[in-house]
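Enquirer: As they're listed, the protein sequences go chains A and B.
If you count the first sequence from 1, position 12 lands on 12 in the UniProt record's numbering, and the numbers rise without skipping.
If you count the second sequence from 1, position 4 lands on 4 in the UniProt record's numbering, and the numbers rise without skipping.
Hints in this document: simulated from the structure, not taken from any laboratory.
Treat the hints with care, since some could be wrong.
Said to hold, decoys possible - Below, simulated DSS-like cross-link-like pairs (lysine-lysine); rule was C-alpha separation at most 30 Å, straight line: (1) A/138 - A/75; (2) B/92 - A/92; (3) A/138 - A/51; (4) B/86 - B/108; (5) A/57 - A/129; (6) A/75 - B/253.
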Amino acid sequence: RFITMSYMLQHLHNGWQVDQAILAEEDRVVVIRFGHDWDPSCMVMDETLYKCAEKMKNFAVVYLVDTSEVPDFNKMYELYDPCTVMFFYRNKHIMIDLGTGNNNKINWSMADVQEFIDIVETVFRGARKGRGLVISPKDYSTKYRY
Amino acid sequence: MPLPAALLARLKKRGIIDAQQEKSSEEIEEVFAEDYDDPIKENATPVTTEQGMETGDSQVKPLVHEVSACPNRFNRYHTCVEYCLKRWGSQKFEPPPTMLKKRDRMLKRYPLPEGWEEVADPLTNRYYYWNTITDQVCWLSPVHPRANITVSAQRIQDLFGDQALTAREGSDEEMETNASEESDGSSSSSSSSSDSEDEYEKRRRDRGRRQPDNRQRRGRRQKEELDPMDPAAYSEVPRGTWSTGLVSRGEAKTGADTTASGPLFQQRPYPSPGEILRRNRDQT
Chain A
1 RFITMSYMLQ HLHNGWQVDQ AILAEEDRVV VIRFGHDWDP SCMVMDETLY
51 KCAEKMKNFA VVYLVDTSEV PDFNKMYELY DPCTVMFFYR NKHIMIDLGT
101 GNNNKINWSM ADVQEFIDIV ETVFRGARKG RGLVISPKDY STKYRY
Chain B
1 MPLPAALLAR LKKRGIIDAQ QEKSSEEIEE VFAEDYDDPI KENATPVTTE
51 QGMETGDSQV KPLVHEVSAC PNRFNRYHTC VEYCLKRWGS QKFEPPPTML
101 KKRDRMLKRY PLPEGWEEVA DPLTNRYYYW NTITDQVCWL SPVHPRANIT
151 VSAQRIQDLF GDQALTAREG SDEEMETNAS EESDGSSSSS SSSSDSEDEY
201 EKRRRDRGRR QPDNRQRRGR RQKEELDPMD PAAYSEVPRG TWSTGLVSRG
251 EAKTGADTTA SGPLFQQRPY PSPGEILRRN RDQT
């Protein structure tokens with residue numbers, strides 16, 4: 001009852017932990033959310049992640065990183081959005097063609113659980129085949145939004 | 001035949017002719033000329049001895065352009081003096097038989113006009129042709145369609161200094177064309193120059209004149225003009241140097257490969273967190 005969403009998802013508190021968390025996973029996709037727990041868009045994303053985590057525990061693991069607490073990656077990963085989700089598999093960054101032009105990360109918060117699970121599953125299937133770039137099942141380019 | 005003043009001065013400077021000898025033109029010619037029949041033996045002999053031999057028959061006589069075998073000759077700052085000739089002897093002229101055959105054939109087709117002499121050049125082991133009146137030279141027979149009649153390089157250097165041959169190629173070209181025009185006029189009696197030859201000559205001349213011009217212009221542009229695509233050309237950015245814009249360590253704004261462009265631009269993965277941590281550690 002007192003447990004918040006983010007509490008169930010594991011936080012990583014420094015760069016070394018991030019590195020080890022990714023290195024430790026042998027055949028699961030590592031989903032890392034960079035942002036702040038107090039950020040509204042991050043809260044939306046965290047809720048989605050929390051709901052997904054149990055369902056996709058066989059092929060993915062989710063971690064949360066506070067970009068103020070762990071600023072090591074801010075520059076290299078260009079973490080200037082309030083909420084950023086990135087995928088890693090076997091210590092390798094996996095890119096997703098979302099149709100937004102930025103293939104490196106999901107830099108908005110997704111509310112739809114199934115959509116997110118589909119993306120992670122696509123990433124997992126592609127990464128297992130050795131692909132560094134997978135194509136998202138849904139196109140998120142703005143031209144379909146309006 | 002009177003020698004041009006510049007040549008006379010040079011010969012005097014080198015000590016090849018004396019003041020009293022230059023009165024008779026035939027003698028002057030013989031001073032640096034040698035007997036064609038036995039060039040090797042003649043080359044070895046000093047200048048003074050051959051004078052006596054040559055005064056006998058001065059009608060048809062191939063000449064040898066006398067060059068001392070001085071090893072310092074190719075030094076730009078060295079001028080060969082009489083001592084060089086005495087110490088090192090003169091270069092031997094050894095014509096290869098194939099060259100002789102070709103030359104005989106050429107002379108049969110294009111006989112030398114009046115005033116031209118055949119001179120052997122021991123440096124290249126070839127014959128060149130010398131106009132005794134205008135002091136012009138030519139490697140081929142002057143009536144040959146491809147003949148390039150010029151003032152000798154040595155003479156240009158004497159008149160205009162060293163830079164005349166190296167820096168100002170344009171002026172050289174200019175003189176060359178003037179010379180060939182003159183020769184065309186003088187050798188019209190031999191009537192071997194036709195319209196097609198004139199055209200050929202003109203085209204060659206034009207080409208020669210254009211080339212150094214282009215080269216100069218390009219060189220200047222490299223130095224001064226700005227590439228219109230250079231940001232310095234259209235904005236306030238200062239003009240970059242050689243190393244401006246090169247990627248250096250720790251300067252990257254992103255972990256993605258910044259050199260990827262075009263279709264590769266959206267396929268640039270970030271490095272792994274461990275790699276980033278390593279890079280950050282290296283920087284500090």
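Enquirer: Given the hinted pair residue 75 of chain A and residue 253 of chain B, is their alpha-carbon gap at most 30 Å?
Expert: 6 Å, holds
Enquirer: Is it true that the CA of residue 138 of chain A sits at most 30 Å from the CA of residue 75 of chain A?
Expert: Holds: residue 138 of chain A and residue 75 of chain A sit about 29 Å apart, inside 30 Å.
Enquirer: So if I understand the rule, the pair passes when the alpha-carbon distance is 30 Å or less; does residue 86 of chain B with residue 108 of chain B pass?
Expert: 38 Å, violated
Enquirer: Going straight from one Cα to the other, do residue 57 of chain A and residue 129 of chain A come out at no more than 30 Å?
Expert: Judged against 30 Å, a Cα distance of about 19 Å means the pair holds.
Enquirer: Sort out whether residue 92 of chain A lies within 30 Å of residue 92 of chain B, counting only the CA atoms.
Expert: 77 Å, violated
Enquirer: Does residue 51 of chain A sit within 30 Å of residue 138 of chain A, going by the straight-line distance between their CA atoms?
Expert: 20 Å, holds
In summary, the numbered hints that this structure violates are 2, 4.
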